[in-house]
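Heads up: the sequence shown at position 130 corresponds to 130 in UniProt numbering, and the numbers run straight through without jumps.
Since the hints were derived computationally from the structure, they do not count as laboratory data.
The reader is advised that the hints may include incorrect statements.
Claimed, not checked - Here are the computed lysine-lysine pairs in the DSSO-like style, where the Cα-Cα straight-line distance is at most 30 angstroms:
1. 154 - 166
2. 221 - 166
3. 293 - 230
4. 204 - 221
5. 261 - 299
6. 258 - 188
7. 261 - 166
8. 362 - 443
9. 355 - 258
10. 230 - 154
11. 154 - 258
12. 355 - 293
13. 292 - 439
14. 189 - 230
15. 262 - 189
16. 293 - 161
17. 188 - 161
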Amino acid sequence: MVVLLNLPAPSDECNAYNTIPYSQKSKVLGEKCYCNHRKTKVHFHSTRLLFKQAMEETKVFPPPKRLKVESKVDAANTNIVPAIDHHASISQQLTTLNSKSIKQGNGSSDLKEDYCFTENELENNDTNYFKCYADLSIHRVMIGDYSRTQTYRKAILSNYKMFHQKVVLDVGAGTGILSLFCAQAGAKKVYAIEASSIANEARKVVASNGYSDRIVVMQEKMEDAELPEKVDIIVSEWMGYMLMYESMLPSLLLARDKWLKKDGNLFPEEVRIYISPISDPQEYEYSVEFWKKVEDAYKVDMSALAQTAAEQMRETVHVISVDPASIQSHSSCVTVMDLGTVSQIGSECAQGSFKCSCFGRKVIHGFVIWFTVHFPNNVILSTSPYDRETHWEQSVLYIPPAHVEQDTLVTGKLWIRRGEIYHRFLDIDLEYQVGNGDKRKMKYKMKD
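Let the hints inform the model, and build the full structure from the sequences given.
Written out as structure tokens, the structure reads:
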């Protein structure tokens with residue numbers, strides 16, 4: 001079984017990595033620590049990893065057999081030197097989900113995309129989705145995300161007049177920290193809905209803080225919950241990677257339509273998605289150019305694999321922390337979603353166009369995407385590369401390298417959709433044009 005908990009601390013080299021300017025990192029520590037630094041981010045992605053671990057424990061997702069080996073080429077000694085990575089035992093086993101077929105009523109099988117399931121398997125996957133949230137390590141990551149938790153606290157407590165003597169619904173309450181903020185702000189009753197068994201721990205937290213008379217923890221899916229009354233406010237931390245991953249927004253909107261009073265409020269009330277082109281030669285070098293250098297070590301030309309490596313790099317969404325220095329234009333807002341008015345159908349796809357003017361002469365390798373979350377009275381939670389890092393980090397879509405000059409326009413459209421087969425995954429479509437070049441279309445998936 002994949003071990004995902006109690007990860008060892010990053011190496012001294014990787015701690016040192018965070019104390020030097022970005023421009024000097026590759027020079028001072030070399031490719032080895034750059035790769036290590038990227039891989040030590042694995043522990044910050046525990047939500048996705050535990051989600052995947054829970055699914056792998058079923059017969060639907062047997063543990064992966066392939067191991068991913070990282071190395072670098074020492075040109076001087078013509079030896080391939082394994083990169084030191086304290087998290088290798090974990091990251092090596094994090095491969096994509098095994099392909100399956102949808103079973104048709106006539107017993108035939110129709111393979112769709114990379115992942116297809118029977119209806120029973122889909123239900124089982126959702127059960128495992130909630131199961132993974134029973135693990136405290138996920139909640140440790142989220143509560144330990146200072147920007148996330150402190151912004152919610154500020155949004156609630158600074159708007160205490162809105163909460164005073166009001167009835168509140170907390171959708172996806174987890175360990176109950178947002179419910180406690182609401183009670184501290186003066187709410188007379190808080191219904192904390194949590195589908196996973198972590199609800200039992202939330203009750204302990206509520207009791208130890210002396211709010212058992214005002215906070216009611218209910219262990220059930222929001223879709224199945226029955227409240228004794230309408231609510232004045234709904235709070236929820238529903239956002240996933242690239243905003244839409246895990247597809248919790250429909251549950252929030254169902255709660256809004258069924259339980260929120262007409263003059264009620266949502267915390268948050270609005271979200272926005274931003275995009276910018278980036279230059280990331282180090283990642284491209286590490287993922288693609290490696291295969292062109294193998295001949296230096298083994299006298300075997302493996303450069304034929306470089307094209308496949310590039311294609312695979314451009315098929316999936318990469319969740320990483322992007323250095324602001326790699327961003328090549330001011331951000332463009334792709335879409336603004338008003339959570340008070342967006343429909344269930346509208347929530348299934350976040351889409352919009354973008355237009356970016358490049359800063360100068362560079363090669364761009366992809367697009368970085370982030371989001372902001374807006375609360376009443378101008379309290380904002382940002383996942384921008386320019387702001388304090390969050391556990392969401394940023395999402396990168398890689399493209400074939402393209403040369404740009406100062407003021408080169410990069411335009412296009414972006415669609416972020418719920419997964420066609422499994423709704424908690426994402427299907428992403430990107431159309432873009434660099435300057436007067438050809439328009440290109442790309443497809444990506446976020447499924448693990």
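Hints, verified against the model:
For the proposed pair residue 154 and residue 166, the alpha carbon gap of about 18 angstroms is at most 30 angstroms, so the pair holds. With a C-alpha separation of about 23 angstroms, the suggested pair residue 221 and residue 166 falls inside the 30 angstroms cut-off, and the hint holds. The suggested pairing of residue 293 with residue 230 is violated, with an alpha-carbon distance near 64 angstroms, which exceeds 30 angstroms. With a C-alpha separation of about 20 angstroms, the suggested pairing of residue 204 with residue 221 holds against the 30 angstroms cut-off.
At roughly 71 angstroms between alpha-carbon atoms, residue 261 and residue 299 are farther apart than 30 angstroms, so this suggested pair is violated. With a C-alpha separation of about 20 angstroms, the suggested pairing of residue 258 with residue 188 holds against the 30 angstroms cut-off. Between the alpha carbons of residue 261 and residue 166 the distance comes to roughly 11 angstroms, so the proposed pair stays at or under 30 angstroms and holds. With a CA separation close to 24 angstroms, the supplied pair residue 362 and residue 443 stays within the 30 angstroms bound.
The hinted pair formed by residue 355 and residue 258 fails the criterion: a straight-line CA distance of about 38 angstroms is larger than 30 angstroms. Taking the CA atoms of residue 230 and residue 154, the gap is near 25 angstroms; set against the 30 angstroms cutoff, the hint holds. Restraint check for residue 154 and residue 258: satisfied, since their Cα atoms lie roughly 27 angstroms apart, inside the 30 angstroms limit. Between residue 355 and residue 293 the CA atoms are separated by roughly 37 angstroms; this puts the pair beyond 30 angstroms, and the hint is violated.
With a C-alpha separation of about 29 angstroms, the suggested pair residue 292 and residue 439 falls inside the 30 angstroms cut-off, and the hint holds. At roughly 11 angstroms between alpha-carbon atoms, residue 189 and residue 230 fall within 30 angstroms of each other, so this suggested pair holds. The hinted pair formed by residue 262 and residue 189 meets the criterion: a straight-line CA distance of about 18 angstroms does not exceed 30 angstroms. Of the pairs offered as hints, the one joining residue 293 and residue 161 is violated, with about 63 angstroms between alpha carbons and a cut-off of 30 angstroms exceeded.
A hinted pair counts as satisfied when its Cα atoms are at most 30 angstroms apart, and residue 188 with residue 161 qualifies at roughly 12 angstroms.
Figure legend: structure checked against the earlier numbered hints; hints not met, in rising order: 3, 5, 9, 12 and 16.
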